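Using the sequences provided together with the hints, build the complete structure.
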Amino acid sequence: MLIKYVPVLFLLVFAIFFAVFAVFFSHILGPKRVNPVKAAPYECGMITLGPTHQTIPIKYYIIAMLFLIFDLEVIFLYPWAVVFRKLGLFGFVEMMIFIFVLLVGFIYVWKKGALEWE
Amino acid sequence: MELVYFLIEAAVKVVAVFSVLMLVVAYLTLAERKILGHIQVRYGPNRVGPFGLFQPIADGIKVFFKEEVIPAKADKPLFVIAPMISIVAALSLFAVIPFGDKIEIFGRTVTLTIADLDIGLLYIFGIASLGEYGIVLGGWSGYNKYGLIGALRAAAQMISYEVALGLSVMGVLMISGTLNLVEIVHKQAGGHWNVLYQPFAFIFYLVCALAEINRTPFDMPEADAELACGFNIEYSSMKFALFFMGEYAHLIAVCAIATTLFLGGWHGPFLPPSLSWIWFVVKTGILVYFCIWERGTFPRLRYDQIMKLGWKVLLPLALANIFFTGLIMVLV
Amino acid sequence: MWDLEVAPKKLKEQFPDAILDVSSFQGEMTIVVKKEDILPICRFFYDDPDLAFDYLTDICGVDYPGREKRFEVVYHLYSMKRNKRLRIKASVGEAEAISTVESVWKAANWLEREVYDMLGVSFDGHSDLRRILTWEGYDGHPLRKDFPLRGEDFGHYEIPTELPDVVPTLPDEVEGERYMTLNMGPQHPATHGVLRLVLRLDGEVIADAVPYMGHLHRGVEKLAENMTYHQALVLTDRLDYTAGISNNLAYILAVEKLVGIEVPKRAQYIRVMLAEMQRLAAHLLWLATHALDMGAMTVLFYTFRERETVLDILEHVTGARLTPSFLRVGGLAADLPDGIEEKIKAFLDDFPRRIHEYETLLTKNIIWLKRTKDVGIISAEEVINWGLTGPVLRGSGVKWDVRKAFPYSSYDEFDFEIPIGEKGDVYDRYMVRLEEMRQSARIIRQALDRLPDGEVNCYDPKVAPPEKELVGKEINALIRHFKLMSEGISPPPGEVYASTENPKGELGWYLMSDGSNHPYRYHIRTPSFVNLAALPEMIKGHLVADVVAVIGSIDIVLGEIDR
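Note that the protein sequences, when read in sequence, are chains D, F and W.
Residue numbers for the first sequence follow this note's numbering, so the first one is 371 and each next one is one higher.
Residue numbers for the second sequence follow this note's numbering, so the first one is 1302 and each next one is one higher.
Residue numbers for the third sequence follow this note's numbering, so the first one is -2 and each next one is one higher.
No wet-lab data here; the hints were simulated from the structure.
The model shown is predicted, which means the values in this text are computed figures rather than measured ones.
Treat each hint with caution, since some may be false.
Stated by the list, open to error - Below are the DSS-like pairs computed for lysine-lysine, each with C-alpha atoms no more than 25 Å apart in a straight line:
#	chain 1	residue 1	chain 2	residue 2
1	W	81	W	142
2	D	402	F	1363
3	D	402	F	1367
4	F	1367	D	408
5	W	66	W	81
6	W	81	W	396
7	W	420	W	396
8	W	370	F	1613
9	D	429	W	537
10	W	370	W	396
11	D	429	F	1609
12	W	537	D	482
13	D	374	F	1403
14	W	262	W	142
15	F	1374	D	481
16	W	340	W	262
17	F	1374	D	402
18	D	429	F	1613
19	W	367	F	1613
20	D	481	W	370
21	W	401	W	420
22	W	103	W	31
23	D	482	F	1609
24	F	1613	D	482
25	W	103	W	81
Unchecked claim - Cβ pair distances, simulated, as ranges:
#	chain 1	residue 1	chain 2	residue 2	range
26	D	403	W	147	33 to 39 Å
27	D	409	W	149	36 to 42 Å
28	D	483	W	49	29 to 35 Å
29	D	372	F	1344	50 to 56 Å
30	F	1573	W	361	58 to 64 Å
31	D	483	F	1344	31 to 37 Å
32	W	469	F	1342	46 to 52 Å
33	W	137	F	1614	39 to 45 Å
Said to hold, decoys possible - A partial selection of chain F residues facing chain D, derived with a Cβ cut-off under 10 Å:
#	residue
34	1304
35	1358
36	1359
37	1446
38	1476
The beta carbon of each residue, even a glycine, is placed where N, CA and C say it ideally should be.
This is the structure:
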């Protein structure tokens, strides 16, 4: 029944309208006195040294990959949790095996030091 | 005909929720400043109106008339859209939150929730993740190094805690057997609040939620002492205010969700069903107060410590919680 | 009793021709040596187990435009083992360079840079000889005697169209764009003033950090060298502006040593009391900002509540909250006002409870522990080699305090402990300062209880004006008053170094008189300046958030770094 989602759409439209309206009107109402210094990036009052958008350290990507794996796990867990009572012991053991497999990988990552920052 | 009524009802509910929410968000900023003021032996705002009650209105007007500065090197479309994403996502969260029991208005039974979705909880996690884009893009698009560091921190921290957050509510799902938030509340009727069966999950949820909404002691993307306000460093006027409102709306949302999932939603003694929403407001208010209170108490954690807490402590503990919940349910 | 006379004797044995002169003034020994031998001599003083001058207190330069060798570089050494100070001097010509002593004491790094910047003396073999207080590309050296004092003497100044290259000297990038260069400061909420740190970041880990200062440079030393001794007092409040009276005290002690006068006991006790009050105010401000930097904002409001009481008391006594300038050569400007004792007593009775309150918020808070334990560790050897003083030194477990080592202003008559830490991390420095506050309160109470009667000024005709009633009645008193006010005091020719234990560390004055009414050389050894030099060492390999924690734990004030 997609009709159930129509109120969500209403709220979404309302929120978007509000956001656009607010930004637009502050744009209209606010003063505009732009100068190059004001439009420069704020770096504690000094001129920026070197590039800003540059190579991002690899650690962040490792976190991103870990997230992908575990978020997928969470997605699998949702339907399992909902019907958990119906699945009984079999479902429980099944899922624990699944989690265990992921856990082995997690422990490996942990031991490798991917979760250390210094 | 039924469809028309349904749409009218939906529109009225959206307008009502939206207006009340905006008012609450505005006054939450005042409440926070007042409560922090009380904690910190000072008055807080008391100049604009009695007890500073018009302060949020004054702030709102001021924000409209502020100059908006867009850095020359900024990625303009993203820079403008980012705060909108933040606020829209935060407001949309309220679509599925049940505020109270069914009530009768003009002979029509109205559920006090905008949309009674069967996948309510999934919707919440999905929309909440969208909100992160606002912060990450906002920090990135300003072409500012502090903003960039803030954005990177935000990305890493939020995705880390999203995993733990998702796992922490799993126990509730196992007990309730549904993703529908209204159903989850119904299952807690008669004092069977989930917090009694899932106390650890409740604590995990609160910690993860604080990290998810970047609140002290987890306010890494902002970290005013280190990053000089981090992701919103280049923002001014209404766009800055939108981030702010988004943050507060999100704060209310996570507290409301905690009430729904763990504290029995609108259930409570003494009040008739038509006034049950008062219980919901009280419970959510207590949680919001907790969030303000801990801000006045705790120092800020360091970035690596937050990541460690998320991955090395909360994640294994949440998994263990699922394991033991399952074990007990299978055995009993 | 070990005698400092051993030092020149031993030096003579080792370097027969190096010593040019040995002299003594007000109990301070000065050895003038040849500049060629300065490095081996310093090395010898440092290495010799009997002398063990392990501590470089200060380096400064003096300009003598008339001399053949124009500059004199003055080293102040200190031996912790013997508790003795020694001054070494070496003359350097304008075109010459003197060897750096950086290899002996790391503290020399910044101190020599300051001499280079202010006087243009270059140091051979210095690892990083750049200007430090003025900017790169600045024309001239301000502390030279021929450097114009006033703007109108400068001639027309034009802003250079091409700004000099001020990009910091960081090690070359090795792997492409791996590092991000980030300015932290001068306009940053947590650098405690206009300190600029250029950080080289690998992700969030600090690969390198270079501090830049001088944004607040006012040329205090140059100004003071053209003022009378009394006028120069008001400049001292503005150094460490969190502790005005402590600064007054250090300067006044130096002048009194130079003139050679004794101050009445009552004045000494009140000085101690005020200085300790000021220490409380400074430490409370430190705790407030330190905690705020770490995100614990409530502590700020609690400590400011108490600081307000302290400042109230100081205002009651001195008439000013920030810049008292209350001390005078020979004593104090005035006696304690009526009713102040009850105020102080009430505060002291309340204070222990308040410290406990701060501790409940922080000391055992798990987040606070996580943020401060094992962060910014500096070992006892390092801390001495860097010349650090104050709570930073004691945090690393070195039990040294100017108040105990060279008890000035009757500090030896008070009973107090010197708290020390173990590891030298941020937490230890935090605990040391908290305990220092308790000890300060103890000292204040003792001073108040045992406050002697009598005058608060020595009324020595050389330095102090006659009493105000006499000025209206007697002609000689009027003349004396007029002469002292217009001309000021003229100490005998000589040089002294006097220091006090300030809230931030050892604050020392090197005063040189040529017999005239203004100091020939007025050099300030400020604790923040020397302490900050060790910052890059302490934060390397840590995260951005730790920079804030470590800066807070060193407790710097840019007013006295930049001078």
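Verification of the hints:
| no. | hint | in the structure |
| --- | --- | --- |
| 1 | W:81 with W:142 | violated (32 Å) |
| 2 | D:402 with F:1363 | holds (15 Å) |
| 3 | D:402 with F:1367 | holds (9 Å) |
| 4 | F:1367 with D:408 | holds (14 Å) |
| 5 | W:66 with W:81 | violated (29 Å) |
| 6 | W:81 with W:396 | holds (16 Å) |
| 7 | W:420 with W:396 | holds (13 Å) |
| 8 | W:370 with F:1613 | holds (20 Å) |
| 9 | D:429 with W:537 | holds (19 Å) |
| 10 | W:370 with W:396 | holds (21 Å) |
| 11 | D:429 with F:1609 | holds (13 Å) |
| 12 | W:537 with D:482 | holds (24 Å) |
| 13 | D:374 with F:1403 | holds (17 Å) |
| 14 | W:262 with W:142 | violated (39 Å) |
| 15 | F:1374 with D:481 | violated (42 Å) |
| 16 | W:340 with W:262 | holds (22 Å) |
| 17 | F:1374 with D:402 | holds (17 Å) |
| 18 | D:429 with F:1613 | holds (16 Å) |
| 19 | W:367 with F:1613 | holds (16 Å) |
| 20 | D:481 with W:370 | holds (24 Å) |
| 21 | W:401 with W:420 | holds (22 Å) |
| 22 | W:103 with W:31 | holds (22 Å) |
| 23 | D:482 with F:1609 | holds (14 Å) |
| 24 | F:1613 with D:482 | holds (13 Å) |
| 25 | W:103 with W:81 | holds (20 Å) |
| 26 | D:403 with W:147: 33 to 39 Å | holds (37 Å) |
| 27 | D:409 with W:149: 36 to 42 Å | holds (38 Å) |
| 28 | D:483 with W:49: 29 to 35 Å | violated (43 Å) |
| 29 | D:372 with F:1344: 50 to 56 Å | holds (52 Å) |
| 30 | F:1573 with W:361: 58 to 64 Å | violated (47 Å) |
| 31 | D:483 with F:1344: 31 to 37 Å | violated (50 Å) |
| 32 | W:469 with F:1342: 46 to 52 Å | holds (50 Å) |
| 33 | W:137 with F:1614: 39 to 45 Å | violated (59 Å) |
| 34 | 1304 | holds (7 Å) |
| 35 | 1358 | violated (15 Å) |
| 36 | 1359 | violated (15 Å) |
| 37 | 1446 | holds (5 Å) |
| 38 | 1476 | holds (9 Å) |
Violated hints, in rising order: 1, 5, 14, 15, 28, 30, 31, 33, 35, 36; the structure is consistent with all others.
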